[in-house]
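J.: Protein sequence lines correspond, in order, to chains A and B. With my numbering, the residue at position 114 of the first sequence is 114, and numbering never jumps. With my numbering, the residue at position 84 of the second sequence is 199, and numbering never jumps.
Hints are computed from structural coordinates only; laboratory data are not their basis. The beta-carbon is built from N, C-alpha and C at its ideal position, and this holds for glycine as well. Incorrect hints may appear among the rest.
[Unchecked claim] If you only want the chain A side, here are some residues facing chain B, beta carbon under 10 Å, derived:
(1) Lys44
(2) Lys52
(3) Ile55
(4) Thr113
[To be verified] Here are a few chain A residues that sit away from chain B, every Cβ distance over 12 Å (derived from the structure):
(5) Pro61
(6) His77
(7) Gly84
[Claimed, not checked] Coverage of chain A stretches by chain B, computed from C-beta distances (three or more under 8 Å per stretch; other residues unrestricted):
(8) 36-43
(9) 87-96
(10) 103-112
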Amino acid sequence: DTAVSQTPKYLVTQMGNDKSIKCEQNLGHDTMYWYKQDSKKFLKIMFSYNNKELIINETVPNRFSPKSPDKAHLNLHINSLELGDSAVYFCASSHSGTGGLRGYTFGSGTRLTVV
Amino acid sequence: KQEVTQIPAALSVPEGENLVLNCSFTDSAIYNLQWFRQDPGKGLTSLLLIQSSQREQTSGRLNASLDKSSGRSTLYIAASQPGDSATYLCARNNWGDQGAQKLVFGQGTRLTINP
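Using the sequences provided together with the hints, build the complete structure.
T.: And the structure:
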């Protein structure tokens, strides 16, 4: 199936730990994103990568470090997890430029709970 | 700054009714606008994508319109069914201040269709 897939789906961890979320897309898109959905269900962009290059970095704490080994993968590493990091994290992808005319495709989300 | 606003925040209607969900945005220089559906605890499903040059798009019982000059989009759902119950998200795509496209979401309309 062509899709954006994220792992893990659920992640429960203690404060202070370091964790990673992985994302892969097989849609042939060249741009990938991380979005955060907070407790009020509001979705906000965190990062965007185009062909492995960081192109958007919203005001996100530097404990969050995205990494894109190739244009089909975008991982999110979080250091020193805090209670406020609890949220659902969505990966998405799209074509850049005129390809953006086809819209964005989202993964099913990773529910992170910090205890 | 709220760039995309959705009204109402919640809507409950009897099965079979036609209904309209509203979305307004502050920047008329959009690239395109996308409507998504989110079921509880699930990811985002793309419903309709309207390019900036288009006025409307239709898919089955769904029709989305776009009026750039007034900064508004509507999602019309005909003959509503209990399976339509979900949160509907409107998102505009345009060039951000970092020179890349980004999708900015409204806070959603939580729709409940009563049998």
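J.: Now tell me, hint by hint, if it's right for this structure.
T.: Here is how each hint holds up against the structure:
{"no.": "1", "hint": "Lys44", "verdict": "7 Å, holds"}
{"no.": "2", "hint": "Lys52", "verdict": "14 Å, violated"}
{"no.": "3", "hint": "Ile55", "verdict": "4 Å, holds"}
{"no.": "4", "hint": "Thr113", "verdict": "13 Å, violated"}
{"no.": "5", "hint": "Pro61", "verdict": "18 Å, holds"}
{"no.": "6", "hint": "His77", "verdict": "21 Å, holds"}
{"no.": "7", "hint": "Gly84", "verdict": "19 Å, holds"}
{"no.": "8", "hint": "36-43", "verdict": "holds (count 4)"}
{"no.": "9", "hint": "87-96", "verdict": "holds (count 4)"}
{"no.": "10", "hint": "103-112", "verdict": "holds (count 8)"}
Consistency with the previously given hints fails for numbers 2 and 4, ordered from lowest to highest.
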